[in-house]
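Visitor: Spelled out, the chains give:
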Amino acid sequence: MLVREIAGYLEATFEGDGERAIDGVASLEAAGSTQISFVGGRRAQRDAQASAAGCLVVRPDFDNSGGRTVIRRLDPRGSFARIIRLLLPLEEPPPGVHPTAVVGKDCTLGEGVSIGPCCVVGDRVTIGPGSRFHANVTVYSDVTIGARALIHAGAVIGADGFGFVFENGRYVKFPQVGTVAIGDDVEIGANSTIDRAALGITSVGDGAKLDNMVHIGHNCRVGRHVVIAAQTGMAGGTVIEDHAVIGGQVGMGDNVTVKAGAVVGSGAGILSSKVLKGDGEIYWGTPARPLKQYLESLASVSRIPALREEIAELKLKLAELEKKLK
Amino acid sequence: MLVREIAGYLEATFEGDGERAIDGVASLEAAGSTQISFVGGRRAQRDAQASAAGCLVVRPDFDNSGGRTVIRRLDPRGSFARIIRLLLPLEEPPPGVHPTAVVGKDCTLGEGVSIGPCCVVGDRVTIGPGSRFHANVTVYSDVTIGARALIHAGAVIGADGFGFVFENGRYVKFPQVGTVAIGDDVEIGANSTIDRAALGITSVGDGAKLDNMVHIGHNCRVGRHVVIAAQTGMAGGTVIEDHAVIGGQVGMGDNVTVKAGAVVGSGAGILSSKVLKGDGEIYWGTPARPLKQYLESLASVSRIPALREEIAELKLKLAELEKKLK
Amino acid sequence: MLVREIAGYLEATFEGDGERAIDGVASLEAAGSTQISFVGGRRAQRDAQASAAGCLVVRPDFDNSGGRTVIRRLDPRGSFARIIRLLLPLEEPPPGVHPTAVVGKDCTLGEGVSIGPCCVVGDRVTIGPGSRFHANVTVYSDVTIGARALIHAGAVIGADGFGFVFENGRYVKFPQVGTVAIGDDVEIGANSTIDRAALGITSVGDGAKLDNMVHIGHNCRVGRHVVIAAQTGMAGGTVIEDHAVIGGQVGMGDNVTVKAGAVVGSGAGILSSKVLKGDGEIYWGTPARPLKQYLESLASVSRIPALREEIAELKLKLAELEKKLK
Numbered sequence: 001m002l003v004r005e006i007a008g009y010l011e012a013t014f015e016g017d018g019e020r021a022i023d024g025v026a027s028l029e030a031a032g033s034t035q036i037s038f039v040g041g042r043r044a045q046r047d048a049q050a051s052a053a054g055c056l057v058v059r060p061d062f063d064n065s066g067g068r069t070v071i072r073r074l075d076p077r078g079s080f081a082r083i084i085r086l087l088l089p090l091e092e093p094p095p096g097v098h099p100t101a102v103v104g105k106d107c108t109l110g111e112g113v114s115i116g117p118c119c120v121v122g123d124r125v126t127i128g129p130g131s132r133f134h135a136n137v138t139v140y141s142d143v144t145i146g147a148r149a150l151i152h153a154g155a156v157i158g159a160d161g162f163g164f165v166f167e168n169g170r171y172v173k174f175p176q177v178g179t180v181a182i183g184d185d186v187e188i189g190a191n192s193t194i195d196r197a198a199l200g201i202t203s204v205g206d207g208a209k210l211d212n213m214v215h216i217g218h219n220c221r222v223g224r225h226v227v228i229a230a231q232t233g234m235a236g237g238t239v240i241e242d243h244a245v246i247g248g249q250v251g252m253g254d255n256v257t258v259k260a261g262a263v264v265g266s267g268a269g270i271l272s273s274k275v276l277k278g279d280g281e282i283y284w285g286t287p288a289r290p291l292k293q294y295l296e297s298l299a300s301v302s303r304i305p306a307l308r309e310e311i312a313e314l315k316l317k318l319a320e321l322e323k324k325l326k
Numbered sequence: 001m002l003v004r005e006i007a008g009y010l011e012a013t014f015e016g017d018g019e020r021a022i023d024g025v026a027s028l029e030a031a032g033s034t035q036i037s038f039v040g041g042r043r044a045q046r047d048a049q050a051s052a053a054g055c056l057v058v059r060p061d062f063d064n065s066g067g068r069t070v071i072r073r074l075d076p077r078g079s080f081a082r083i084i085r086l087l088l089p090l091e092e093p094p095p096g097v098h099p100t101a102v103v104g105k106d107c108t109l110g111e112g113v114s115i116g117p118c119c120v121v122g123d124r125v126t127i128g129p130g131s132r133f134h135a136n137v138t139v140y141s142d143v144t145i146g147a148r149a150l151i152h153a154g155a156v157i158g159a160d161g162f163g164f165v166f167e168n169g170r171y172v173k174f175p176q177v178g179t180v181a182i183g184d185d186v187e188i189g190a191n192s193t194i195d196r197a198a199l200g201i202t203s204v205g206d207g208a209k210l211d212n213m214v215h216i217g218h219n220c221r222v223g224r225h226v227v228i229a230a231q232t233g234m235a236g237g238t239v240i241e242d243h244a245v246i247g248g249q250v251g252m253g254d255n256v257t258v259k260a261g262a263v264v265g266s267g268a269g270i271l272s273s274k275v276l277k278g279d280g281e282i283y284w285g286t287p288a289r290p291l292k293q294y295l296e297s298l299a300s301v302s303r304i305p306a307l308r309e310e311i312a313e314l315k316l317k318l319a320e321l322e323k324k325l326k
Numbered sequence: 001m002l003v004r005e006i007a008g009y010l011e012a013t014f015e016g017d018g019e020r021a022i023d024g025v026a027s028l029e030a031a032g033s034t035q036i037s038f039v040g041g042r043r044a045q046r047d048a049q050a051s052a053a054g055c056l057v058v059r060p061d062f063d064n065s066g067g068r069t070v071i072r073r074l075d076p077r078g079s080f081a082r083i084i085r086l087l088l089p090l091e092e093p094p095p096g097v098h099p100t101a102v103v104g105k106d107c108t109l110g111e112g113v114s115i116g117p118c119c120v121v122g123d124r125v126t127i128g129p130g131s132r133f134h135a136n137v138t139v140y141s142d143v144t145i146g147a148r149a150l151i152h153a154g155a156v157i158g159a160d161g162f163g164f165v166f167e168n169g170r171y172v173k174f175p176q177v178g179t180v181a182i183g184d185d186v187e188i189g190a191n192s193t194i195d196r197a198a199l200g201i202t203s204v205g206d207g208a209k210l211d212n213m214v215h216i217g218h219n220c221r222v223g224r225h226v227v228i229a230a231q232t233g234m235a236g237g238t239v240i241e242d243h244a245v246i247g248g249q250v251g252m253g254d255n256v257t258v259k260a261g262a263v264v265g266s267g268a269g270i271l272s273s274k275v276l277k278g279d280g281e282i283y284w285g286t287p288a289r290p291l292k293q294y295l296e297s298l299a300s301v302s303r304i305p306a307l308r309e310e311i312a313e314l315k316l317k318l319a320e321l322e323k324k325l326k
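Chains as they are written, first to last, in my numbering: chain A, 1 to 326; chain B, 1 to 326; chain C, 1 to 326.
Take these hints with a grain of salt, some might be off.
Any copy will do: because identical chains look the same in the list, a pair fits if it lies in one copy or spans two.
As the list claims (entries may be wrong) - Subject to a maximum C-alpha distance of 35 Å in a straight line, what follows is the list of computed DSBU-like cross-link-like pairs (lysine-lysine):
hint : residue 1 : residue 2
1    : Lys277    : Lys259
2    : Lys292    : Lys173
3    : Lys105    : Lys315
4    : Lys274    : Lys259
5    : Lys277    : Lys292
6    : Lys292    : Lys315
Just so you know, the hints here were simulated from the structure itself, not pulled from any lab data.
Please work from the sequences and hints to get the whole structure.
Guide: This is how it looks when you write it as C-alpha cells:
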C-alpha cells in the first residue's frame with residue numbers, strides 16, 4: 001500500500017514521498033524502509049530521528065526538518081492502530097465451537113461466536129454475537145455474556161463466590177446461587193476469574209477491559225468502559241462506576257465504591273466499605289488516599305531524620321540557655 | 001413452600017402470615033412477594049424496611065413494628081443458607097469422569113467423585129468420596145485429596161515447587177519429589193495453585209477454604225478450617241495453624257508461622273521466618289504487625305506535619321529568648 | 001546404592017559406614033536409616049543431631065563428633081539435588097503430543113517435545129527439543145519456545161497485551177501483532193501469563209525461572225538466568241536484565257529497568273520508567289528503594305512517638321524558661 005493511500009484512508013495529508021510502498025508495521029527501533037511506525041510520547045520524538053521507518057505517523061507539531069515521509073494526526077497512536085488493522089487483517093478464530101470444547105445444554109450462542117479448543121461452557125449460558133473465547137476458558141452454568149466479548153485463555157467466569165457461614169468450629173458453604181452478566185465489547189484477560197453472585201448478579205459493564213489475573217468477587221458491579229490492570233482483586237459487593245481506571249495489583253475489601261471516572265494507582269489497597277470520589281481524582285497507596293496526600297505522606301517520612309536533628313539542636317540550645325540562666 | 005413450613009424446618013417460630021407461599025430466595029433489594037430474604041448486618045436493618053420480600057429471616061431483636069412476616073433466628077445468614085439449600089437443591093455435577101477428562105494410571109476415585117470436562121489427573125492420585133472437580137482442573141501425579149473436596153476450574157495441584165541450586169552462573173532444578181495432601185471438606189478456588197513439596201508433603205487441612213488465585217508454595221502446611229482470601233501467596237515451608245483467617249493479597253516469605261486463630265488483614269506482608277501469635281490477634285501491614293501498632297504507625301505519619309510546625313514554633317520562641325538574653 | 005558409591009558419584013569422601021545401603025531421599029525430620037538427607041543452613045545443623053537418616057550430606061565444617069555417616073561437600077544442597085536425580089530418576093512425561101492436546105498448523109516441534117493433555121498450541125509455533133508442557137497449557141499463535149523448557153499447567157503464553165486507544169468515550173483495542181520468544185532452559189510456573197508484544201517481541205531469556213502466577217506484560221524483556229517468584233507482575237515494556245532476582249508479589253509499572261544482578265524484595269512496587277541499579281543492590285518497599293533506605297524509613301516512623309515526647313518536653317522546658325525570664 002502506498003503512503004498516499006494510507007493517508008487517504010485516515011483522511012489525512014502527508015509530507016514527503018506519497019508513492020512509497022508500505023508493507024508492514026513496526027516499532028520505531030525495528031521498522032525498515034517499507035514499514036510504517038508512529039511517534040507517540042516525548043521519548044519517541046527523540047527516537048524518531050534514528051528510525052529507519054519508511055513512514056511515520058506523527059503529531060501535528062512534529063519537527064520534520066529532516067524531511068521524512070510523515071502523516072500528521074492529532075492522535076498518532078490511535079491512527080496507527082487503525083493502520084495496523086488495515087495492513088494486517090487480524091487472523092480471527094473461526095466461528096463455531098471447537099470439537100474439543102464442551103458446551104452444556106440449553107445454551108444460546110449468537111452469530112459468529114467462536115469457542116476455542118478445550119473451553120468448557122456450562123448449561124443455560126447465553127453468549128452474544130461475535131464473541132470469541134480463546135482456549136481453555138471455563139464458563140459455569142447460567143452466565144450471560146454480551147456481544148463481541150474477547151475472553152482470553154484460562155479465564156474462569158461464574159465460579160462460586162467465597163462465602164461461608166461459621167458454625168460449630170467449621171465453615172459451611174453459603175450457597176452461591178446467583179450468576180454473572182457480562183456486557184458487550186468486554187475483554188477479559190488470561191487466567192482472570194469473575195465469581196458468580198451469592199444472590200443476584202455479578203456484573204461487568206459494556207466496554208470494560210480486564211487484564212490478566214484480575215479477580216472479581218461475588219456481587220461486584222464493574223461499570224461501563226472501566227479499565228482494570230493485571231492482578232487486581234476485589235472482594236464481594238464492590239462497585240466500580242463507569243470509566244474508572246484501576247491499576248495493577250490493587251486490592252479492594254468488601255463493598256468498596258469507586259465513583260465514576262476515579263483513577264486508582266497500581267498497588268493501592270482500599271479498605272472495606274470505603275467510597276472513593278470520582279471525576280479524575282487519583283488515589284494511591286494503602287490505605288488508598290488522594291495522590292497529593294499520598295505524596296505528602298511519603299515526603300513527611302523522608303523528613304523525619306531532619307526533624308530529629310532539629311530537635312537535637314533545639315535541646316542543645318535550650319540546655320545552653322538554661323545553663324546561662326543559672 | 002409455606003412460611004410456617006420453612007419455620008418448622010428451622011425449628012423456629014414465625015410472625016405474620018404463616019400460610020404465605022415462598023418459591024425462591026433473593027437479596028433484600030431484589031426479593032418479591034413470593035421470595036424470602038434475610039437481614040444480617042446493621043445496613044441490612046435499614047434496607048429491610050424497603051424490601052418487598054414475602055418473608056424475612058431476622059435477628060431476635062429485629063424491630064417488626066411494621067408487622068412483616070418474619071422468622072427470628074440467632075444467625076439469620078446461616079439459617080438463610082439452610083433455606084437456600086432447602087428451596088434450591090444444588091445442581092450437582094453428575095458423578096463420574098467426564099469423557100474429555102484424562103485420568104492417569106493407578107488412581108483411586110472414591111464413590112460419587114465427579115471429574116469435570118478437560119480435567120487432567122496424573123498417575124497414582126487418590127480422591128476421596130464425594131469430591132467434585134469443576135472444568136480444566138489439573139492434578140499432578142501422586143497427590144492425595146480427601147472426601148467432599150470442591151475444586152474450582154483452572155486450579156493446579158501438585159506442580160513443582162520453586163526450588164533451584166545456583167551453579168556456575170545458572171539455576172539447576174532442585175528436584176521436587178514430594179507431593180500434596182489435601183484433607184476432607186476443602187474448597188479450592190478457581191486458578192489457585194498448590195505446589196508439591198521438594199521432599200515430603202505440602203498439606204491443606206480438613207475444612208480449609210481457599211479463594212481464587214491463592215498460591216501455596218512447596219512444603220507449606222495449611223491447618224484445619226483455615227480461610228485464605230483471593231490472591232494470597234505463601235513461599236516455601238510456611239505453616240498456617242488451625243482456624244487462622246488470612247485476607248486477600250497477603251504475601252508470606254519462607255518458613256513463616258501463623259499460629260492458630262490468628263487473623264491476617266488483606267495486603268499484609270510477612271517476612272521470612274516470622275512467627276505471628278494466634279488466638280484472634282489481628283495483623284496488618286508490611287511488615288505485618290499487630291493491628292494496634294499498625295494504626296499507631298499510620299497515625300504517627302499523619303502527625304508529622306503538625307510536629308514540623310511545633311518544631312518551627314519552638315525554634316522561633318527559642319530564638320526570641322536568646323535575643324532577649326543578649 | 002551404598003554410601004561409598006554415592007560418595008564416588010559425587011567424587012567426594014565419606015566418613016562412617018561406606019557399606020550402608022541407601023534406597024531413598026528425605027528431609028532431615030522424615031529420613032530413616034536407609035535414606036539420605038542433607039544439612040544446609042544453621043537451623044539444619046541443630047536438626048541434624050536428631051535425624052535418623054542413614055547418611056547426611058554436610059558442609060566441610062560440620063561437627064561430626066557424634067560419629068555419623070556423612071559425605072562432606074562445599075554445597076550440600078546442590079550435591080543432594082544430584083543425589084535425588086541419581087536415586088529417583090524423574091518420571092518424565094512421554095515425548096509426543098497427547099491425543100487430547102490441540103496443535104495448530106505449521107508448528108515445529110523439536111525432538112522429544114512432550115505436550116500434555118488438553119494443551120492448546122496455536123499456529124506457526126516453534127518449540128525446541130526436549131521441552132515439556134504439563135496439562136492445560138495454552139500457547140497462542142506465532143510464539144517461539146526454546147529447548148528444554150518446562151511449562152507448568154495452566155500457563156498462558158502469547159495472549160494479547162493490554163493496550164487500548166481511548167476514542168469517543170470508549171476503549172478501542174490497539175492490535176497486539178507482536179509475539180513472544182522464550183529462550184532455552186526456561187521454567188514457567190503454573191497459571192503464569194506471558195503476553196505477546198503490541199509490536200515486536202516479549203522475550204524471556206535462557207535459563208530464566210518463573211514461579212506460579214507471574215504476569216509478564218507486552219514488550220517486556222526478561223534477561224537470562226533471571227528468577228521471578230510467585231504472583232509478581234510487570235506492565236508493558238519493562239526490562240529485567242540478566243541474573244536479577246525478583247521476589248514474590250512485586251509490581252512494576254511500564255518501562256521499568258532492573259539492571260543486571262539487582263535483587264528486588266517481595267512485595268516491592270516499582271514506579272513506571274524507574275531504573276534500579278544492579279550488581280547485587282537490594283531493593284525493597286513501595287516505592288522501591290535500596291534496602292538500607294527502606295529500613296531507615298521504617299525506623300524513622302517507629303521513632304515518631306519518641307520525637308513527640310521530646311517535643312512536648314522541649315515545650316515544657318521552654319515555657320518554664322520564659323516564665324523565669326518574666
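Visitor: Hint by hint, note whether the structure agrees.
Guide: Hints, verified against the model:
1. Lys277 - Lys259: within (5 Å within a copy, 38 Å between copies)
2. Lys292 - Lys173: For Lys292 and Lys173, the Cα distance is within 35 Å only across copies (32 Å; inside one copy 43 Å).
3. Lys105 - Lys315: Answer is neither; intra-copy 80 Å and inter-copy 78 Å both fail.
4. Lys274 - Lys259: Classified as both: same-chain Cα gap 11 Å, cross-chain 30 Å, threshold 35 Å.
5. Lys277 - Lys292: Both ways: Lys277 and Lys292 sit 14 Å apart in one copy and 28 Å across, limit 35 Å.
6. Lys292 - Lys315: both (33 Å within a copy, 28 Å between copies)
When held up to the earlier numbered hints, the structure conflicts with hint 3 and nothing else.
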